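Turn these sequences into a full structure, and let the hints guide you.
Protein chains in written order, with numbering that gives the first Met the number 0: chain A, 0 to 497; chain B, 0 to 316.
It is possible that part of the hints are untrue.
[Stated by the list, open to error] Taking lysine-lysine and the DSS-like style, the derived pairs with C-alpha atoms no more than 27 angstroms apart in a straight line are:
| id | chain 1 | residue 1 | chain 2 | residue 2 |
| --- | --- | --- | --- | --- |
| 1 | A | Lys376 | B | Lys121 |
| 2 | A | Lys488 | A | Lys177 |
| 3 | A | Lys327 | B | Lys47 |
| 4 | A | Lys190 | A | Lys143 |
| 5 | A | Lys365 | B | Lys121 |
| 6 | B | Lys206 | A | Lys327 |
| 7 | A | Lys366 | B | Lys263 |
| 8 | A | Lys381 | A | Lys366 |
| 9 | A | Lys275 | A | Lys327 |
| 10 | A | Lys339 | B | Lys263 |
| 11 | A | Lys29 | A | Lys161 |
| 12 | A | Lys373 | B | Lys263 |
| 13 | A | Lys256 | A | Lys327 |
[Claimed, not checked] Quick list of the computed label-pair ranges, beta carbon to beta carbon:
| id | chain 1 | residue 1 | chain 2 | residue 2 | range |
| --- | --- | --- | --- | --- | --- |
| 14 | B | Val282 | A | Gln86 | 17 to 23 angstroms |
| 15 | A | His394 | B | Ile297 | 40 to 46 angstroms |
| 16 | B | Thr181 | A | Thr58 | 34 to 40 angstroms |
| 17 | A | Gly138 | B | Ile122 | 47 to 53 angstroms |
| 18 | B | Thr181 | A | Thr24 | 54 to 60 angstroms |
| 19 | A | Leu94 | B | Ile122 | 26 to 32 angstroms |
| 20 | B | Phe125 | A | Leu140 | 29 to 35 angstroms |
Bear in mind the hints are in silico, worked out from the structure with no lab data behind them. Everything numeric in this text was worked out from a predicted model, so none of it was measured. No residue lacks a Cβ here, since even glycine has one placed at the ideal position from N, Cα and C.
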Amino acid sequence: MSEVLLHAEKIDKNFGVTHAIDHVTLDFYKGEIHALIGENGSGKSTFTSCLTGIYHKDTGKFTLNGREVNARNQVDGNYQGVAIIVQEIGTLSGLSVAENIFLGKEDEFTKCGVKNTNAMNKKAQELLDSYGFGYIKAGNLIDKYNFEDRKLIEIVKATHFKPQILVVDETTTALGEKGRKELFKVMKETKDDGRCVIFISHDLDEVIEQSDSISVLRDGVYIDTVKSSEVTTDDLKKLMVGREMSNNYYRTDYGEKVSDEVVLKGEHLTVPGEIKDFNIELHKGEIIGIGGLSECGMHEVGKALFGASYYREGSVTLSDGTRINDIKTAIDHSIAYASKDRDNESLVINDTIQDNICLPSIEDLKKNHILFGKDQKAFAEKFAKQMSTKMEGVHQFMSALSGGNKQKVVLARWIGKDSDIVILDSPTRGIDVKVKADIYQMMDTMRKNGKSIIMISEEISELLGMADRIIIMKNGRQSGEFKRSEDLKDTDLIANMV
Amino acid sequence: MENEKKISVPFMERPIVRNVMPFAGFMFIVVLFAILTQGRLYTVGNLKLLLSQSYVLLIACVGVFMVMTMGGLDFSQGSMLGVCSVVVCYLSNYNIILAILCGVITGGLIGLINGFFNVKRKITSFIVTICNMYLFRGVVAYATTKTPVYGVSNITSYNTLGFNLTFTILILVAAFFAFQYTGLGNRLKAIGAGETAARFAGVRVEKTKMLVYMAAGMITGLAAFINSIKVGSVTSTAGNQLETQIMIALVLGGMPVNGGAKVKFYNIILGALTYKILTAGLVMMKIEPKTQQLIMGIVFLVMVAVFADRKTGMIVK
Numbered sequence: 000m001s002e003v004l005l006h007a008e009k010i011d012k013n014f015g016v017t018h019a020i021d022h023v024t025l026d027f028y029k030g031e032i033h034a035l036i037g038e039n040g041s042g043k044s045t046f047t048s049c050l051t052g053i054y055h056k057d058t059g060k061f062t063l064n065g066r067e068v069n070a071r072n073q074v075d076g077n078y079q080g081v082a083i084i085v086q087e088i089g090t091l092s093g094l095s096v097a098e099n100i101f102l103g104k105e106d107e108f109t110k111c112g113v114k115n116t117n118a119m120n121k122k123a124q125e126l127l128d129s130y131g132f133g134y135i136k137a138g139n140l141i142d143k144y145n146f147e148d149r150k151l152i153e154i155v156k157a158t159h160f161k162p163q164i165l166v167v168d169e170t171t172t173a174l175g176e177k178g179r180k181e182l183f184k185v186m187k188e189t190k191d192d193g194r195c196v197i198f199i200s201h202d203l204d205e206v207i208e209q210s211d212s213i214s215v216l217r218d219g220v221y222i223d224t225v226k227s228s229e230v231t232t233d234d235l236k237k238l239m240v241g242r243e244m245s246n247n248y249y250r251t252d253y254g255e256k257v258s259d260e261v262v263l264k265g266e267h268l269t270v271p272g273e274i275k276d277f278n279i280e281l282h283k284g285e286i287i288g289i290g291g292l293s294e295c296g297m298h299e300v301g302k303a304l305f306g307a308s309y310y311r312e313g314s315v316t317l318s319d320g321t322r323i324n325d326i327k328t329a330i331d332h333s334i335a336y337a338s339k340d341r342d343n344e345s346l347v348i349n350d351t352i353q354d355n356i357c358l359p360s361i362e363d364l365k366k367n368h369i370l371f372g373k374d375q376k377a378f379a380e381k382f383a384k385q386m387s388t389k390m391e392g393v394h395q396f397m398s399a400l401s402g403g404n405k406q407k408v409v410l411a412r413w414i415g416k417d418s419d420i421v422i423l424d425s426p427t428r429g430i431d432v433k434v435k436a437d438i439y440q441m442m443d444t445m446r447k448n449g450k451s452i453i454m455i456s457e458e459i460s461e462l463l464g465m466a467d468r469i470i471i472m473k474n475g476r477q478s479g480e481f482k483r484s485e486d487l488k489d490t491d492l493i494a495n496m497v
Numbered sequence: 000m001e002n003e004k005k006i007s008v009p010f011m012e013r014p015i016v017r018n019v020m021p022f023a024g025f026m027f028i029v030v031l032f033a034i035l036t037q038g039r040l041y042t043v044g045n046l047k048l049l050l051s052q053s054y055v056l057l058i059a060c061v062g063v064f065m066v067m068t069m070g071g072l073d074f075s076q077g078s079m080l081g082v083c084s085v086v087v088c089y090l091s092n093y094n095i096i097l098a099i100l101c102g103v104i105t106g107g108l109i110g111l112i113n114g115f116f117n118v119k120r121k122i123t124s125f126i127v128t129i130c131n132m133y134l135f136r137g138v139v140a141y142a143t144t145k146t147p148v149y150g151v152s153n154i155t156s157y158n159t160l161g162f163n164l165t166f167t168i169l170i171l172v173a174a175f176f177a178f179q180y181t182g183l184g185n186r187l188k189a190i191g192a193g194e195t196a197a198r199f200a201g202v203r204v205e206k207t208k209m210l211v212y213m214a215a216g217m218i219t220g221l222a223a224f225i226n227s228i229k230v231g232s233v234t235s236t237a238g239n240q241l242e243t244q245i246m247i248a249l250v251l252g253g254m255p256v257n258g259g260a261k262v263k264f265y266n267i268i269l270g271a272l273t274y275k276i277l278t279a280g281l282v283m284m285k286i287e288p289k290t291q292q293l294i295m296g297i298v299f300l301v302m303v304a305v306f307a308d309r310k311t312g313m314i315v316k
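As structure tokens, then:
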């Protein structure tokens, strides 16, 4: 390959007790798409965040074209030739499209202290047109556009000034087909221009397809760099985890009879702006998968069934006739819900593992109406260990745990509560293969023990692999239903989504 | 992050610091004023006086402690104490039990007003309780325009060390039990640390908040009773600045000003005692009131900065 563009020398970063990246030394070459992979918490995002000025590295040195890069913030990073497109939403509501694109660079359009809005809008519109996103109007408030369009605007924001290094941090999970295509086009242009893209993704097939070389991080330590053309996904998994992974981690049974007993029934569920007249019947020991595009309303279905939606119409009824209209009633009647928004809804992030596991079960833990600390501790320890949560102890705060371990605590909480009906929204979102396998295993065990599961997921392979029945949603309504079968293909599902 | 290698934690972030600092601060203040007043602060007479001045603060701290645990604030406590004291003193002329009861109910009602505007109208507790601080200060001023409201002539006969101490300890024990052994503390901490997540874990957030604001008012009603038997009457300044005293005391006791998972029940007792020794010591050293205020301000600011739980953020609910 050609010459080195960016050299990272012994980059090191700690977050409190966690050693996020451990003296990583890496080279990135001109004209390549360089993927960075690793399990959750392996330090990929931390590494690129240090480069682009989102975090500040503790020690080490980045050298770009022979000049040291030391970004104090993202805008400063842009001026030094590095840019990033982040995983979550990276644009600000309440500002116009143009203001977002030139955020922090308003000075370029300012004369004598007065901002020339027209010039800024004009420039922004030219940029949007050149990317082929002409239908987005630079003068409009960004709030007018949906998640996907806002991601496209972010692409323009991060790349219009032709940065030497473009970091794409798990952006593809948030994008639909069209957005992905646009993103890959921009990545390819950057590469052909002799610059470099650092590409972070959990989707290993996508990684191999898109990148030229792949570097693997594990527990903050640099492991190896391989050529994309010479590896398979299994090789990568092995590098990431450090041991062999079994190829098939979904359940393997087909054609098992599901019980006729209905445990939960949702009728005519409507939540304004989210779902319209949605019906569902969950049977004992059944896993129902709900899939669709991320805006299709499927995430709201979970909330609606759990009694957590605002302004919900229709009814949710249990087999004994109990109506579920609020969260407390739902939990008291053995319904569990793990939200997609793990840090805000599933977990009290600034609280301990123990408190998080015990919170829904406090009443059950009382002895003669008295709640003892030691019972809480024992309870939390039992279920945290059962889920093999990596921790120093149950007194540890949630905020110190990685995504996968947080999810384990969420599941430990509901297993501890022994809920019969479990609603899991994106249970494996942003979680590495090892923990994923654990979660699928757990779901299979629960199913066999007569628990019923609703799994809402954006991953089609997960739906095909785990669900007895798959409901596909589109624009807030059910658009298709499929029975579990070996012959079912992802294309069948996708056809009903779009 | 999967790798939990042990490396140095910033000194101030260590749990041990948060747990030890308030005790160390208490000891420091005890010893400091022992030296500065050449031991005069700790004569039996002075200690009795110190204790007699601490009951109201100790009791009132209990309610605010609960409010602050769930991330709220209550600035209306001083005015609340004033209004409740007016009710207690006025009714004590008829029946002392009725007086206590109505004092508690009055406090509860004011607490409910705080709760209503905070929970139902979604106004931050900071704003709501400051408004109510002015509102009820006005009510006290009305009631005491011409003359102070006098209690029944023998009301001060209750003011004995034994009665006050038993009364205060009973309240503290009851509150401690409720906080620690009924799950109330767990729920309040969860609300303080993450309201949405608490809701999704089955905590009835709105109801709990209303109840806690009401309870804080009721407890202050009890404090008003102790205040009344000590003074025997109410003037327009009754309970003035109690709210700031409470807040300084709790923070001195090691309470994070934004509540959450790191609050401890002992913050109340340790804080109230530290505060009272500090003020008594300053008075005994004949430091001018304005200088005292200056010193308290600085102490408050430093302690808030030390004990705030930065991870929870400075969001006051």
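Original post:
Of the hints stated earlier, which fail here?
Top reply: Structure breaks hints 1, 3, 4, 5, 10, 13, 14, 15, 16, 17.
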